[in-house]
Structures are given as C-alpha cells and as structure tokens.
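*Asks:* Protein chains in written order, with full-length UniProt numbering: chain D, 1 to 555; chain B, 1 to 279; chain S, 1 to 325.
Please note that the accuracy of each hint is not assured.
[Claimed, not checked] Taking lysine to any residue and the SDA-like style, the derived pairs with C-alpha atoms no more than 25 Å apart in a straight line are:
| no. | chain 1 | residue 1 | chain 2 | residue 2 |
| --- | --- | --- | --- | --- |
| 1 | B | K170 | B | R154 |
| 2 | B | K170 | D | A53 |
| 3 | S | K13 | B | P135 |
| 4 | D | K368 | B | T179 |
| 5 | B | K170 | D | G360 |
| 6 | S | K243 | D | G433 |
| 7 | S | K243 | D | R157 |
| 8 | D | K368 | B | H180 |
| 9 | D | K227 | D | E250 |
| 10 | B | K170 | D | E250 |
| 11 | S | K13 | B | G176 |
| 12 | B | K170 | D | G433 |
| 13 | B | K170 | D | K227 |
| 14 | B | K170 | D | G346 |
| 15 | D | K244 | D | L312 |
| 16 | S | K13 | B | L155 |
| 17 | B | K170 | D | R157 |
| 18 | S | K13 | B | F117 |
| 19 | D | K368 | B | G176 |
| 20 | S | K243 | S | I205 |
| 21 | B | K170 | D | E183 |
Bear in mind the hints are in silico, worked out from the structure with no lab data behind them.
Computed from a predicted structure; not experimentally measured.
Spelled out from the first residue to the last, the chains are:
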Amino acid sequence: MSAGPLLNIEDLSVALPEGADRRFAVQGVSLPLGRREVLCVVGESGSGKSVLANTVMGLLPAPALRVAGGRIMFDGQELTRLPEESYRELRGRRISMIFQEPMTALNPVLTIGEQIEEVLAAHGMADRRTRRERALELLAAMHLPDPPSLLGAYPFRLSGGQRQRVMIAAALALEPEILIADEPTTALDVTTQKQILRLIREIQERRRLSVLFITHDFGVVADIADKVAVMQHGSLVEYGVAAKVLDAPEHPYTQRLIAAVRRLEDGAEDARPVAAAEPLLEIKGLRKTYRSASGFFGLRKREVRAVDDVTLTIHQGETVGLVGESGSGKTTLGQLVVRLLPADGGELAFRGQEIRTARGARLLGLRKSIQMVFQDPFASLNPRHRVGRILTETPIRHGVTPAQAATRARELLHLVGLDVGAYDRFPHEFSGGQRQRIAIARALALDPELVVADEPVSALDVSVQAQVLELLADLRRRLNLSMLFITHDLRVASRICDRIAVMRGGVIVEIGSTRQIFGDPQHEYTRGLLDSIPGRSWLGIGGGAPVADRATMTL
Amino acid sequence: MKDLLAWSRHHWALLLGGGMLAVLAALTLAAPALYPEDPLSMVGPPDVRPFDEGFLFGTDSLGRDVAAGILHGARTSLLLGLVSTACSVLLGTGVGAVAGYFAGRVDDVLMRLTEFFQTIPSFMLALVLVAVLSPSIWTIVLAIAVVSWPPVARLVRAEFLSLRSRDFVKAAVVGGHPTHVIILRHILPNALTPIIVTGSLMVASAILLESALSFLGLGDRNNITWGFMIGAGRSMIRQAWWLSAIPGLAIFYTVLALNLLGQGLADLLNPLLARTRRA
Amino acid sequence: MRQLEFVVARLLKVVLVMFGIVVLNFFLVRLAPGDPATVLAGEAGAVDPQFMSEVRARYGLDRPIHEQLAIYVRRVATLDFGESYRIQRPAMDLIAERLPATLLLSLSAFVFAMAAGVALGVLAARRVGRWQDMAISVTALVFFAMPLFWVGLMAILLFSVQLGWLPAYGLETVGGGFSGLRRAFDIAAHLVLPATTLGLFYVAIYVRMTRASVLEVSRLDFVRTARAKGIREPRIWRRHILKNALLPVITLASLQAGSLVGGAVVTETVFAWPGVGRLAFEALGQRDYNLLLAIFAVTSAVVLLFNLVADIVYSLVDPRIEARA
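Next up, chain D with everything else stripped away, as it sits in the complex (with noise of 0.2 Å):
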C-alpha cells in the first residue's frame, strides 16, 4: 500500500455546462501526488486548475460541472463513485483545504473557536473540552497570537493573514493526509505570503503531509513545490520535477510562460540620465489624512494617514515605480497627484504650477497634461460606451474638432496595437489584455506630459502582463513619457522603472534607481519586501543581505 502514490488522478475530465465557451473545464487529466509531497499545478486564468482541485475534494457546483470521465484514486477508493456521506466523512479528515480568499472563507457571524472545534465534532470529537484545548494547540501552532481571546473573536476582527492561518488551522485540525491549496495566498501581502507559503511547508515537513498546491504564479511555485504539474485550457501540458520543469520546461506553453517571468526580472535597461533633466512634478511634504468617524454618534474619531510627509520628484522622461504593500497609500498618492482626492498639505507642483489650487481652465490645462491608468480593464472602461466615443469623448472636452478627435482615436488604436475596428465595438467584446491597450489609449488622447499608472497590469495574466509593460516601456520611449508607475509588485517595478521609491504606511522609506533598490536596499523593509518575491533565489534576484530564514525557504 505505500508503494504507489497516495492519490491518482487519472483520466480525468470535467464537463462544463452547454454553451460555454468549450465542452471540458478538464480534460484528460492524469497526474499522481505521491506521499509527503508538495505538487504545484500551474496555470493561468481558465486553465481549469481550480475545477481540478475542486473536483478532488468532491465540491463541484452541482448541476453546472460534472465529472464526465476518469477516476479518482484515494487509499483503494475511487472518489468520483463515492456516495456523499462516505465524502464527508473523508472531507476535513483525511482530505482537507484551503481557499484563496480569506476575507470571504470564515463565516462572519460564528467565533473562531466555533468554527475550528464545528471540524472536530462532525469527525466525532464529542467531548467540548477536549476541542477546546485542540483548538488552542491549533492556533497556537499557526504562530498566531494570544489564542485564548483568539477563540471567542469574530472573523472581521482579524487580518487577511490570520484569517488564512485560522483557515489552515481548521484544515489540519484532524491531521489529514492531503492538503489542497488553491490560491492560498494570492489574494495576501507579498510579505504575508512569504509567512504563509513558509507555514505550508514547515507543517508539510513535520506531518508528513502531501500538498496538492494551485498557484498562477512560477514565483511560489519555484519556493514550495517537489513537483509541477502544467495546465492550458483544462489539459495537462507538462509534469515533472520542479527543478525540470523551472529550469528546462519542454512544453512551449510551459516556456512561454516562464519565459514571461524571467523577462520581468531581467531589470530596466540601465537608468538614462535624468539629473540634468528639468524636474516635471514636485511633490514636497505632501499629506493626507482619512478621518472616519465611528461609535456613539461618531464620536470616536479615526485617522489614518495615508500620505505623510511624502517628497518625491519625477523627471522629464523618467518612470518612477511606487512600490508598497496593500494601504501603504500608494494608490492615495496617485490620486492626489491626479487631483483625485485633494492633499491636506504640502506642496504638489507640475512645471511649477500648483495642482492642489488649480481651478477652471488651469485644472482643465493641468488634467490634458496629467493622465492616468487604472488597474482593472474591466471597470476603468465604461461599459455602455462604444471604443470610439471611450477614446475622442475628453479630446472633444479639451476642445479638439469631433472629426480630428476620430482620426486620433485610430491612430491611438495602431499605436497600442488593436485593430482600427475596433473603434466601433464596446468594451465587454474585449479580453483583460485589450481592454487595457484600451484604457492606455484613452490616457494618450490628449498628449500628456505625465502618466500615472495604478497597478496596470495586476489584474493580468503572466503574459499578458509582459506584453502590457512591453507597451509601455515602448510609448514611453517613443512618446518620451513620465511616469509614475504604482504597483505592489517589484518584479513588475524592475521592469520598466528608472527609480523605485518603497512607501509603508503613508511615507516613502527609500527611493533609488532600480539597480540601487535590487543590488543594495538601504532599508529594513526594502530587503524585506526583496527578500519576500517569490521564486527569488530561482530568479536570481538581488544579492541583498541575506536573509536568516531563506534555507526554510527555498528547496
């Protein structure tokens, strides 16, 4: 019985309901996860990585998917065949797992502690103490803090991160023999991944656990996986040992893709000279406090500062990257400068003229020269809006002829690489990649000085994602653009920024050409962040002071 591998997917395909956009969500899968063993399945979006794992734990959406074929092997039973009360009593037992978001995953209105013990009654823990101090063992070894209160507290009192840890804590309660993991941590911080993917695998080594892993991202796969399994529109492409498959991948998909990745980090080409370049924006201790007042009548005032003290000049012709965490006030910042949001104080300067007081025809003057870029394609175009009234609507505004705005509007769409017929279709007819060629043309229209771009290729597939930032590496140059480019993502920032400012909470903690921030990060929290991309030491990233923990890290 331990020869073999503890779980066998074999021939397996997942029907999609009639009129999708294909008949198998799945097809033809096989692929076995051996004992104790970390299997990453690969894939970006519709590739059917998740209807798999789902299907493993017997969760489909009722009537909508189906298994139409193949078997699933566990311990001699078959899965698919398995009448539901036997499932159950396998779920959370023996097979257990976790989901990608954690905001949504814990039922609001239970504690903690309900919803940990609710594993083990069902599984015939009868005894209340007895959960209760399980519970608490439990908690505590997700490294989270004070357990006890821990266990009465309500799901929105707690951190994405530990909301995550309380997920896995429910999924290891009974020590099962299989964990699936889908997504675990793309919706978390890049640092709070790092604890969580190093959560995984600690508690994957010392229990013994096999691990079925369902990630879009080469990164962590490269930090947590024995083996990679490859998926492309519901079929495996490729499987192997990670190090095979990362390093020499056969699938032209597979090198595709990770050919994708390791363009992101292949670094900005070197930092043209802009010191002697004349200074467009000038930010000087710029601030921005949220207040939001809460309790008896709103008498219990809250503030947060989004933007502190914040000084940052951006160049004719230079891409800076503003990189930080969720609510570091990234996207505040960006706002501000766009006139978005108005700043509390400070100093906010395009070629010397203030934006936070412009008015009238001076703010109209300053909004043709300041464009922005937002971060999902699918909700920065306005969908009852043909392409062509998106892109010549703010050019007729800022007075240019109807008819020049139309000529314009098609070379913008030459220019970001869309067909010129698309001028008469609307958004929804596009995918996530040409909406945001899309989104990029409309910001061009009327000729602007400086663009900023929030997060404008997050919400892309990996090679979509490399081709977006192509674009925009290519109209910088050609159109000699600034930038002020926002993201979470340094691998993302290394690509196209001349200088990377780090911001945390509200204030910018360095900033330094790219190479500066990748060879020598002068900041705790810089290395930090370096420290969490994941895949780093498969990338080759930095040579940053290294980091204690990175053995546990890395394979």
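Position chains B and S against the provided structure of chain D, taking the given hints into account.
*Replies:* Relative to the frame of chain D, chains B and S by itself:
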C-alpha cells in the same frame, strides 16, 4: 425559431405580464367606444347578477353597469399609478443621485431625511395628506409620490456610491469633464436598469395604495375607481358579492401583470448587465 | 460595551425622528387650505364662531409661527394631543382605549407572517427549481398582487357568509358575556380572519426575501469552506446559511413595520375591529383632523418602538454591528 422558443420559455414572466398589460391597455382605450355613457349613471335595473340581462358583470343597487365601471376605472388606476410613480422615481433619483455622488455631509443629511420618510407609516401619512388637503386626483398623486420615493432614493444612492468609485468614472474626472456630464452621461445610464425595474414594480404598489385610499372613501369623487367600487359594494356583500369581488379581480389582474413585468424586466436586464460587466 | 452604545444611539435617533414627526404634524395642519383653526376643529367649527376663537386661543394661533410650534411640541411631549371635537374627549384617551386591539392584531399578523414567510422561503430555496419552489413562489406572487381589503372581504364572504366557520366582525361576540378562557377563545376566533388577511400580504414579502437571501448566502465562500471541512448538512444550514440569511429579513421586517400598521387601518375597517385604524377611519368620515393627526403621531411612535426592538435583535445576532455603529 428554436432560439425564440427558448427565449420565451426563459422570459415567460415578461411576456405574460406584458401581454396582460397590453390587453388591459387595449380595453382601456376602447372603453369610451364600448361604454360611451358615464359609468356613474344608471343604465339598467338594480342588482342584476353577472351575465344576466346583457350585463357582463351585473349592475349595482343603483342600476350602474359594473363592467362599464371596471373599464373606466382602469384608466384612472393606470394613469394614477404611472403619474405618481413617475413623480416619485424622479424625486427619488434626484435625491439618491446627489447623495450618492457627493457623499459625505450631503449624503448624511439626505439619507437621514430618506430614513425619516421611510420610518413613518407610509399609508398613514398618505391618508393624512389626502384627508387634510382634501381628496382629488392631484392630492392622491402627491400623497403616493411623497410616501414612495425613499426606496428609489436608497437604491439610486447605493448605485451611485458604487459607480462613482468605479475607475471609468475616475477616468472621466481625470479627463476634466464637468460634474453634471459625469452624473448624467457616465453614471446615470449605468444605474438605469435597476431604476426601471423598481419603477415598474412601484406602479403596482401605487395602484394598490390608490385603491386602498379610494376604498376608505378618499378617492376622487369625479372619477370612478376600482377601490371606490369595492368600498361601495362592501355593505352589500351578502346580497351582491360581485360588486366587490369583480373590481378586486381587476386590481389583482393589473397588479399581477405589473409585478410579472417587473420581475421579467429584472431577469432580462440583469444578466445582460452582468455579462457586460464581467465578460 | 459597544452594544449598549449602539442601543443608546438608536434610542436617541428614535427621539429625533419622533420630534420630526411632531413637527411634520404641526405643518400638515397649516398645509391644509383655510384657517388652521377650522382644520383643527373639523366640521364642528363651521357652526360656532365662539368655539373657533376658543380653539385659536388654546393653540396660540394668533401668535408667531415659531411660538405656535413651541406650544404644540410642548403639549405633545406631555402626550396632550388636544381634544377630538366630535366626541368631546381627549384624543389621547380615545387612542389609548383602542391601541391594545390594534397591537393584538398587528403582532399576531406579524408573528404569523414571519413564521410562515421564513419557513416557506427556506423551503422554496432548498427545493429551488422544483415544484415546491414553483408553488410557493407563484402563491407569493398571487398574494403580493391582491389588495388587502379585498382579500379580507373575500375571506368574510367565504369563511363567514358561505361556510359560517368564523365570525366576521368585531373583537368579540357582542353580548356574549364570556369571561376567562372562554373569552380568550372567543377573541381568538374573531382574530383569525383579520390577522390572516393582514399577515398574508407580508408572508408573500418575507417568502421572497428569505428565498433570495438563502440562495445568495448558500453560494458564499464560507459555505463551501464548511463543506470542505466535512460539516454535516443540517449544521451547515442552521449555523452557516440561516444565521446569515436571516439578517436581511430582520432588516426588512423592521422596514415593513410602518406598512404593517398602515395595513392594520384598512384591515380594521373591513373587519370592524375596534382598534386605532378603525378610529382613524371614523375620524376621517367626521373630518376630525386633530384626532387623525394624533393617531398618525401615535402609530408612528409604535412603529419606531418596533424598529428599535428589531435593531436590538439585529445587534444581538450580528457581531459586526459594533463595527457598523
């Protein structure tokens, strides 16, 4: 052809509701031709049972033709329902749009006001308003509008709050478009679907509200209404059940049709919207 | 102790809204065409000039408007709503006599609507797409489209006139002389038709809301998590789905409280139920505006009280309330 069949099966509520309303509208328009006389005038012997002596729905104790009343009453009911709903949708959309777009203090004040109107018993307020201002078509429209705008305001506010933080609206702001253009051309068209759905359901509740007011004797005395007919026939319920039963069925038919239409519209427009948002 | 804070905040809000209603009442009288004194005195004033000047003096109608408002608010604060000029008795006394009957009717209807609505809504959601769901949804649609007073009349026609099962009018048998338990049964029998009539409309509303809410919650991530943990279905339904799905139903019930009272006015009229609604109907017929406005204020207060209770219940069920307050 097969597609059309599948489509109609999926949207049966819309088709049924729409069809029922079309029939009602046709009858309403035909009323002056079918029953040219004033429905409040005596045209036959009193207390004729339905289908007797050529009276489809019988007559009341004064010899008035019930069928004529039903048809003429339809016009009053539909018009009152439409006009008062139009008023409250306009009012609610205005309040909700301003509250949702400007947020902050403005939102606080307008929402407290909305909550206030939503808390007070709306039927009582309508009743007091009509009674104090003396019953007429216009006071009834006013009363219905005053008590039914708050849900619209809340709905529109919620839509505006979520839409104004969407990136395409921010893009319009960064593009330098003035506020009224952003509200009217960028946000409002995207909020229209739920407003239309709610509006069609509100016509139904407006008709119910009007019929209750008329039933209590607060209707406009110059026009016959279904609620008034039920109220008048009420004391005769033991002898002449049809006097109250038939106008009630007319109300039921109309309100059911409007509810079906509203639900059908929601089904029709929402997935479409979901698709444009996600696809 | 944020829960207490929440309740105190809500209590203060109730007081503010009540103040708003009193002010609204004050201006409603002045909105009416003609002299406020005429409005206040109803038809009684038309005949007696001396009576009219008395009314003017009592309400300070010859003083500036803000003073009039102050007088009015002060009087209402001591539950003095003036007199009913028709019946020549304090309005508050008349209302207080009738209030218990209305509360009995409204609360019975509410409990019936809530219990039936939630039970049927959950059943429909669990059998979504099957015949039970269809039957329940269609029935809800039907009752949602029927005018309440008409349902009442038809119920009288069927159960009282035709079948003779239940009494149609009043709160108890006139001259029955029952006492104790027999009187309670007698009242209960009289209650069945009006409470069911009033309740049915709200059953329809709660069914739709509960069904939608349950369906929505059962699609949420934490329900999937619970299944992945191997929790048994009954517990998933009880603790995970229902506990969350009922929150919006509570909110809805609170919002519908005002409408329920309005429905009581009509229902009481149909069934000659001796409550505040019937009193309002009588006041209407006699153009006794002062009494009508007093009824409006008092019923509003009852609704506010109901809202407050609903808020407190909500705060007990939803731990996030302290984050929202």
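*Asks:* All the hints need checking, so say for each whether the structure fits it.
*Replies:* Results for each hint:
1. K170/B / R154/B: With Cα atoms ~22 Å apart, K170/B and R154/B stay inside 25 Å; holds.
2. K170/B / A53/D: Roughly 38 Å separates the two Cα atoms, so the pair is violated.
3. K13/S / P135/B: Distance of about 33 Å is beyond 25 Å: violated.
4. K368/D / T179/B: 17 Å, holds
5. K170/B / G360/D: 18 Å, holds
6. K243/S / G433/D: Judged against 25 Å, a Cα distance of about 41 Å means the pair is violated.
7. K243/S / R157/D: 19 Å, holds
8. K368/D / H180/B: Within the cut-off at roughly 19 Å; holds.
9. K227/D / E250/D: 15 Å, holds
10. K170/B / E250/D: Since the Cα atoms of K170/B and E250/D sit roughly 45 Å apart, the hinted pair is violated (cutoff 25 Å).
11. K13/S / G176/B: 41 Å, violated
12. K170/B / G433/D: 20 Å, holds
13. K170/B / K227/D: Judged against 25 Å, a Cα distance of about 45 Å means the pair is violated.
14. K170/B / G346/D: With Cα atoms ~23 Å apart, K170/B and G346/D stay inside 25 Å; holds.
15. K244/D / L312/D: Roughly 44 Å between the alpha carbons, so the hint for K244/D and L312/D is violated.
16. K13/S / L155/B: 22 Å, holds
17. K170/B / R157/D: 31 Å, violated
18. K13/S / F117/B: 14 Å, holds
19. K368/D / G176/B: With Cα atoms ~8 Å apart, K368/D and G176/B stay inside 25 Å; holds.
20. K243/S / I205/S: 19 Å, holds
21. K170/B / E183/D: Violated - the C-alpha atoms of E183/D and K170/B are around 31 Å apart, more than 25 Å.
Consistency note: the structure conflicts with the earlier hints numbered 2, 3, 6, 10, 11, 13, 15, 17, 21.
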